[in-house]
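Visitor: Mind docking chain B on chain A? Use the hints.
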Amino acid sequence: MAISSTLWLWFAVAALGFFHGVNPAMGWLFAVALGLNRRSERVVWLSLAPIVLGHAVAVALVVLAALAVGLIVDPGPLQSIAGLILLAWAAWHAVYGRRHKVRIGMQTGYVGLGVWSFLMANAHGAGLMLIPAVIPLCIAAAPAHQLTARGSTSIALAALGLHTAAMLGASAMISIAVYKWVGLAFLRRGWINLDLLWTGALIACGIILLAL
Amino acid sequence: MATWQPDPSFYPSPRLAAKAPPETLAYVAAFDPQRTTPDAIAVVDVDPHSSSYSRIVGMVPATHPGDEFHHFGWNACSSCLCPNAPHPHVERRYLVVPGLRSSRIYVLDTKPDPRKPSIVKVVEPQEIAEKTGYTRPHTVHCGPGGIYIAALGNKDGKAPGGVFVMDQETFEPLGRWEVDRGPQQLGYDVWWHLGYDTLVTSEWGTPDTFENGLVPEILLGSKYGRRLHFWDFTKRRHLQEIDFGEEHQLVFELRPAHDPTKAHGFVNCVISLKDLSSSIWTWYRAGDQWAVKKIISIPAEPADPDLLPPVLKGFKAVPPLVTDIDLSMDDRFLYVACWGTGDLQQYDVSDPLNPKLTGKVRIGGIVARAGHPGAENGKLNGGPQMVEVSRDGRRVYFTNSLYGAIDPQFYPEGIDGWMVKLDARPEGGIGFDPKFFVDWPKGQRPHQVRLQNGDCSSDSYCYP
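Chains A and B, in that order, give the protein sequences.
Going by our numbering, the first sequence opens with residue 1, and the numbers climb by one from there.
Going by our numbering, the second sequence opens with residue 1001, and the numbers climb by one from there.
Isolated chain A (complex conformation) (with noise of 0.2 Å):
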């Protein structure tokens, strides 16, 4: 794989923090929220880190499990079956995403925040979305151009470092934008149906992996 194409694959995973990040149901309007209820910018920035992380560990789980069965299976099918997951995620959440059960609410500590974070992450399928990127990233770093145990792991773990960082990145920025400057009031127009977006989103990563 050409480098200019890795270079594409880093980007993309950026791209999807960035996105993810943007999202209001991944938790950037949660911090909002706990700030203005509980009347402290301190707990706008407070609340941003279990949301990061709650999302950081859903994500991880679900891409070092793609890599471990890939270490068993042969990447064409490991592509495959993933694509096919991602295909019948995004079937889900068009028909259900909207279903949310209130378990986390308005009094909740950082500890539920995290929680709530690792819940949505896993229900809007955001792992999955990055199975495209960093498996062939971990493809293109292996001599063989094949999965190993070793050279995946830390491409992985960098992969989801620079997820992380956009997702902070842009849940930080938006959250403390409409906390300080824009107001509440931008939600009424400004909230755009991300939903389908991310229904959007899954289809094309899970088409991608059935390509490749």
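In short, the hints are calculated from the structure, not lab data.
Beta carbons: idealized from backbone N, C-alpha and C, even for Gly.
Please note that the accuracy of each hint is not assured.
Said to hold, decoys possible - Derived list of chain A stretches under chain B, where covered just means 3 residues or more per stretch with a C-beta under 8 Å from a C-beta of chain B:
(1) 103-111
(2) 181-187
(3) 193-199
Guide: Just chain B, lined up with the frame of chain A:
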């Protein structure tokens, strides 16, 4: 269907909702007390610039007679913007209308023509009983994760009543809400403090104790509801019960502060067994518990027994019978409907434990029979009952019937339905809009009013 932007009638905070444009239509539940013709949702023109202002411009009849339309609500509202269960790309479009007697639930689509809603789904009582274990659906609130409906009876029409949840788009009953109901048995109203993860329920009684009218022995024995219940909204468990005591009967309408940072709300108690007075109570947070305080007591008015219905003759007094209250969006003004005396009172409750009376009008009433400038025949019966406040707090609407089987106990000659509107001044004070008097079509009586795009008892908010 999913939309690209949030429904324009959703507002993140009550502060923003109070700036919403004035409503142009009101939906009103109307029922036939004889139970021979189908009940209906009436559409009333409330746009003062319209040529059909203050007239009924649409009527959607039910598919069956005898449902007893009472309270109803929207499928979705501002709580869809809550950050913990976000899904704001649904439309506030469907009215969910339960039959309190039949336990049937109608779903009305208010689009494409809001003046001509149509019934798009009927959920039969068997399905609700099977999937939720409840009957006699009463209050309907759009909330995080679904439509919450308070029910007064279990599947056999007995205690316990409770709360069940319905899907906001398919209207499938999803199941009972409570995981652990603790000591709670009676149901009536439900609402919540989203900022405090707390749900509150109040009490009336089981269907067999009200479907043929109030039973004097049960009332005088203090066996109707008199408690508030506080629940953990997220764990769906009972936390605390507050008993108002033997003297107090019928603890009804829950009006929590709209501002999610405020931990207080108001509830009315219809009657005191000691002196027939009605009372308003504030619930508030005291340490890590909830507490209540009686903040308003409205006394019964002495009256000539000849002018009183049989049930009251011995008391020689008209009880105020406060049967509904409503709180303005800014949590400043509380409206109190005295169905017995005919008063509609306005209190400034900026300090929730020290209310100030800021306005009062009188219309109808068991003895007063007060008139209205827009009414053709002077003396009116029935009294202020279901009251609804516009989001900007400038207009107050109310109707005059309480409940089919109870109306004749206090108004034995029957109730001629009407709906009126008050104009409210921003700094307090209310007065009738002389041009707004809806002389309700004979054969039906009006009950709850819902305003197009939301009102002060429909939406709840996660942001201050």
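Visitor: A separate judgement is required for each hint: does it hold in the structure or not?
Guide: Evaluated hints:
1. Interface restraint, the stretch 103-111 of chain A with chain B: holds (6 residues with C-beta to C-beta distance below 8 Å; minimum three).
2. Given as covered by chain B, the stretch 181-187 of chain A passes the check, having 3 residues with a CB less than 8 Å from a CB of that chain where 3 are the minimum.
3. For the stretch 193-199 of chain A, the stated coverage by chain B holds: 3 residues have a C-beta nearer than 8 Å to a C-beta of that chain, and at least 3 were required.
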